[in-house]
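Required output: the full structure, derived from the provided sequences and hints.
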Amino acid sequence: MKILICAAEQEELDCAVQALRLHESRIAGRVQVDFMLTGIGTTSTCYRLTKKLVEAESSGGKYDLAVDIGIAGSYDLEKFPVGSVALVDREHFGDLGFMTASGFLTLFDSKTLDANLFPFKDGALVMPVFSEFFNDIANAFPRAAGVTVQTITGNQKTIDRLIAKHSPQIESMEGAAFFYVCLNEYVKFMQIRSVSNKVGEEDTSKWDTPKALDALKEAMKKFFSLF
1 MKILICAAEQ EELDCAVQAL RLHESRIAGR VQVDFMLTGI GTTSTCYRLT
51 KKLVEAESSG GKYDLAVDIG IAGSYDLEKF PVGSVALVDR EHFGDLGFMT
101 ASGFLTLFDS KTLDANLFPF KDGALVMPVF SEFFNDIANA FPRAAGVTVQ
151 TITGNQKTID RLIAKHSPQI ESMEGAAFFY VCLNEYVKFM QIRSVSNKVG
201 EEDTSKWDTP KALDALKEAM KKFFSLF
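Using the working numbering, you'd call the opening residue of the sequence shown number 1 and step up by one each time.
Misleading hints may appear alongside valid ones.
Unchecked claim - Keeping only pairs whose Cα atoms sit at most 25 Å apart, straight-line, the calculated DSS-like set for lysine-lysine is:
| no. | residue 1 | residue 2 |
| --- | --- | --- |
| 1 | Lys217 | Lys188 |
| 2 | Lys51 | Lys2 |
| 3 | Lys206 | Lys79 |
| 4 | Lys211 | Lys79 |
| 5 | Lys188 | Lys51 |
| 6 | Lys211 | Lys198 |
| 7 | Lys211 | Lys221 |
| 8 | Lys221 | Lys79 |
| 9 | Lys51 | Lys62 |
| 10 | Lys2 | Lys62 |
| 11 | Lys165 | Lys121 |
| 12 | Lys188 | Lys2 |
| 13 | Lys79 | Lys198 |
| 14 | Lys165 | Lys111 |
| 15 | Lys121 | Lys111 |
| 16 | Lys222 | Lys2 |
| 17 | Lys79 | Lys157 |
| 18 | Lys188 | Lys62 |
| 19 | Lys206 | Lys157 |
| 20 | Lys165 | Lys79 |
| 21 | Lys221 | Lys2 |
| 22 | Lys198 | Lys217 |
| 23 | Lys188 | Lys121 |
| 24 | Lys188 | Lys52 |
What the hints contain is simulated information worked out from the structure, not anything from laboratory work.
And the structure:
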């Protein structure tokens with residue numbers, strides 16, 4: 001089995017690297033794990049991930065599973081407080097569309113794009129159906145809906161719009177791009193995020209990044225223990 005672990009930044013990727021060390025000898029010979037940095041945002045993620053997946057398939061070593069990991073903001077602190085972990089199974093591009101005099105329209109609202117044109121389902125990008133083995137791994141984590149933005153959300157008007165439109169619980173800058181690439185390349189995938197802050201908190205000094213990274217590391221320990 002061949003697995004690719006992706007993250008936007010090195011400190012996030014290190015959580016998986018450190019977690020793997022605890023299980024490496026046990027899964028050696030059965031599971032090959034590769035790591036890659038996508039960089040921050042959808043553009044870098046689309047380019048680097050597509051290149052990696054295409055190169056792997058062309059060399060005869062297609063990945064059985066790709067996993068995107070990282071820290072994120074929470075829209076729902078009751079269910080996903082700081083330091084908690086979520087498996088995001090549905091993603092939306094939150095700021096791709098038209099800003100009009102009457103407000104923001106998604107590409108689907110404006111009828112520019114069919115909401116059910118592959119890889120979209122009702123305007124969302126959805127985690128694929130897994131085999132029983134991968135499904136058991138996914139079910140080890142609480143599920144959440146995600147929204148992906150290229151400008152970290154910092155005002156209530158935007159928060160209200162995103163909640164009304166997408167009902168997200170988790171916000172990131174790469175998730176939807178990761179889903180989009182994997183769906184188009186027919187690679188099974190998961191996204192695991194740990195919460196560092198409430199969405200809307202502009203002062204990054206108030207984000208608990210260390211706690212989120214510790215939680216991410218523990219989540220990856222659990223992930224690898226299931227193989």
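Outcome of the hint check:
no.	hint	result
1	Lys217 - Lys188	holds (22 Å)
2	Lys51 - Lys2	holds (17 Å)
3	Lys206 - Lys79	holds (20 Å)
4	Lys211 - Lys79	holds (17 Å)
5	Lys188 - Lys51	holds (16 Å)
6	Lys211 - Lys198	holds (13 Å)
7	Lys211 - Lys221	holds (15 Å)
8	Lys221 - Lys79	holds (22 Å)
9	Lys51 - Lys62	holds (12 Å)
10	Lys2 - Lys62	holds (7 Å)
11	Lys165 - Lys121	holds (15 Å)
12	Lys188 - Lys2	holds (11 Å)
13	Lys79 - Lys198	holds (12 Å)
14	Lys165 - Lys111	holds (15 Å)
15	Lys121 - Lys111	holds (15 Å)
16	Lys222 - Lys2	holds (18 Å)
17	Lys79 - Lys157	holds (22 Å)
18	Lys188 - Lys62	holds (11 Å)
19	Lys206 - Lys157	holds (21 Å)
20	Lys165 - Lys79	holds (19 Å)
21	Lys221 - Lys2	holds (17 Å)
22	Lys198 - Lys217	holds (20 Å)
23	Lys188 - Lys121	holds (16 Å)
24	Lys188 - Lys52	holds (14 Å)
Figure legend: structure checked against the earlier numbered hints; every hint is met.
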